[in-house]
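**Q** Given only the sequences and the hints, what does the whole structure look like? Please build it.
2 protein chains.
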Amino acid sequence: MKKFINSIDSLLDESLSGFAKAHADIVQLHAEPHFVSRKTPAKPGKVALISGGGSGHEPLHIGFVGSGMLDAACPGQIFTSPTPDQMLAAAQAVESGGGVLFIVKNYAGDVMNFEIAAEMLDCANETVFVSDDVSLPKDHSTGRRGVAGTLVVEKIVGAAAEKGADLAACKALGDRVNGAIASMGVALSSCTVPALGKPTFELGDDEIEMGVGIHGEHGRETVKLMTAAEIVEHLAGVIDDELKPQKGQPVLLHVNGFGATPLMELYLIYELAARFWQKRGVDICRSLVGNYTTSLDMAGCSITLSLLDDALLSLWDAPVHTASLHG
Amino acid sequence: MKKFINSIDSLLDESLSGFAKAHADIVQLHAEPHFVSRKTPAKPGKVALISGGGSGHEPLHIGFVGSGMLDAACPGQIFTSPTPDQMLAAAQAVESGGGVLFIVKNYAGDVMNFEIAAEMLDCANETVFVSDDVSLPKDHSTGRRGVAGTLVVEKIVGAAAEKGADLAACKALGDRVNGAIASMGVALSSCTVPALGKPTFELGDDEIEMGVGIHGEHGRETVKLMTAAEIVEHLAGVIDDELKPQKGQPVLLHVNGFGATPLMELYLIYELAARFWQKRGVDICRSLVGNYTTSLDMAGCSITLSLLDDALLSLWDAPVHTASLHG
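Read top to bottom, the protein sequences are chains A and B.
Residue 35 is where the first sequence starts when you use this note's numbering, and the numbers rise one by one after that.
Residue 35 is where the second sequence starts when you use this note's numbering, and the numbers rise one by one after that.
Think of the hints as simulated: they come from the structure by calculation, not from any bench.
Incorrect hints may have been included.
Sample of chain A residues facing chain B (criterion: CB under 10 Å; computed from the structure) [what the hints assert, rightly or not]:
no., residue
1, Ser49
2, Leu50
3, Lys55
4, Ala158
5, Val220
6, Ile242
7, Ala294
8, Tyr304
9, Gly315
10, Asp317
11, Ile318
12, Leu322
13, Ala333
Straight-line alpha carbon distances no greater than 27 Å define the calculated BS3-like cross-link-like pairs of lysine-lysine that follow [what the hints assert, rightly or not]:
no., chain 1, residue 1, chain 2, residue 2
14, B, Lys36, A, Lys37
15, B, Lys197, B, Lys232
16, B, Lys73, A, Lys37
17, B, Lys258, A, Lys37
18, B, Lys36, A, Lys258
19, B, Lys232, A, Lys37
20, A, Lys37, B, Lys37
21, A, Lys232, B, Lys232
22, B, Lys73, A, Lys73
23, B, Lys37, A, Lys258
24, B, Lys172, B, Lys205
25, A, Lys172, A, Lys278
26, A, Lys278, A, Lys205
27, B, Lys37, B, Lys232
28, B, Lys37, A, Lys313
29, B, Lys278, B, Lys172
30, A, Lys258, A, Lys281
31, A, Lys232, B, Lys37
32, B, Lys73, A, Lys313
33, B, Lys205, B, Lys77
34, B, Lys172, B, Lys73
35, A, Lys36, B, Lys278
36, A, Lys258, B, Lys232
37, A, Lys37, A, Lys232
38, A, Lys36, B, Lys37
39, A, Lys197, A, Lys73
40, A, Lys197, A, Lys172
Please read these numbers as outputs of a predicted model, since none were measured by experiment.
Here a beta-carbon is modelled for each residue, glycine too, at the ideal position from N, C-alpha and C.
**A** Encoded structure:
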């Protein structure tokens, strides 16, 4: 295993500390239990948005803490759910009368721990579960996984909360956005979890993993290496079947890198995905390309399509000031 | 070779097209010869800042075109200098009476082609050569290479030009900034140039390349894998010897990923580099962490230290609106 690392035990703490130092103007790191909150608290009465999940997906979620997006994020160990005490401590630190909205990627561990925290919390709270990964069937036993679309939910609900939407409105909006997003990913390589020390699955030199998640698990199928155009046809085809955007439908097209894929290739994927929907008359009015929801050192990417309307567009465009999203 | 690619011949065009589509609000892509310019031209009389170089280092330079930074960028083929006709076409498109400042990384091909363009240009022009890579000795035959510090020169001179500094002032400022920057990189893997189809150098499972450039060339030395702390001691030590920052000296600390290194590891490197200079009483007042000057799919990073003063700090902080730097 070749990584920049001192020891497996210190990796997360040292990395979080570096993150907090590099962005000391935006965030504050709390220890025992660990969470990241805004340096400048939101105005009293605003709904407090809290997310979290296993580490290894940076900048998700810590990079999205700040004005216009999250109030706090709880990083678990690598690919491991944060614990309820982290969520409780974060909620107690940032709740200011408007209640708490948890935004949770749909994984068994995350769901369970956020539910425990929600039950223990002595203030109004709601939870939005994100389940945008269409590589799994809709009726999958534990539901679909939350992947790169989580950022879109966090950005749009974050903007609404900042504008004064109340808890019920934020919860309804989060559910609505989750229903209008579909993502699917492909991996050219596995990732290496430091504690494991070797790739979590093996791929031949001419194989890729289609419909892959973000935790180093196997995807929907292992297929032969194909051209970027063929890969995009496959991913975009599944997404299109799910969302069925009509001609003229405004959408946000997000191409997300898994951590080890260079920007040059991500822009190539963006070009091909844009052509796919432009051919169908879909109005790609917003874009986001880069490494936002990663899977350690995995080479690969996902495509996320989000259906927009005037209200969602205006919230997507609203000011945001975080370590990893600005505008 | 596993990459997202349709064909070696179309890769750059398709990627540039995706970049231009994703950032159509900020940039405009011109073909034959290829260059990227601002969507909204700068105000007449402003010094026109133009950079460029081989592709494969994205977001450098195309991601830095926009208000507060570059007026245009000329992308060459992968790891290959752009041609003088690209620079001439870019200059003719964006020059508006204030003259042209070329910002050029110090590589023989880039230097030669920008010099040819400068000679053919029928307006006032100057060139700043960036040579921040301290892994080579100061008296190296062709001078030191320009690497991640180039971004700092482009940002600071870009801000000055936007504020109305004239050509001579921009040239002097660029030279001054170049003299106050030192960078050094380390690679955990080589990179794979698509046309070559295999890594440009081989590294054992327990080897890393210290003092590496950004074109897949061998570095200063191949050494055994060491801890992140030892790597940072080495890189920061060479940089510190060069710049000799005094106690209380304000600096910008930039940790740059080469393309395949996850953010979690880059923040770990930032933490260790910050500790290195904090111990010495240096005032790390600004930071930048991420993949900005990459080398295709190379795993690795570089550390760049920039000495600041009040004037440089204010220019670093000035508004910028590009695809890859915002604030």
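**Q** Against the structure shown, which of the earlier numbered hints fail to hold, in ascending order?
**A** Hint check: 4, 9, 10, 15, 16, 22, 30, 34, 35, 40 fail, others pass.
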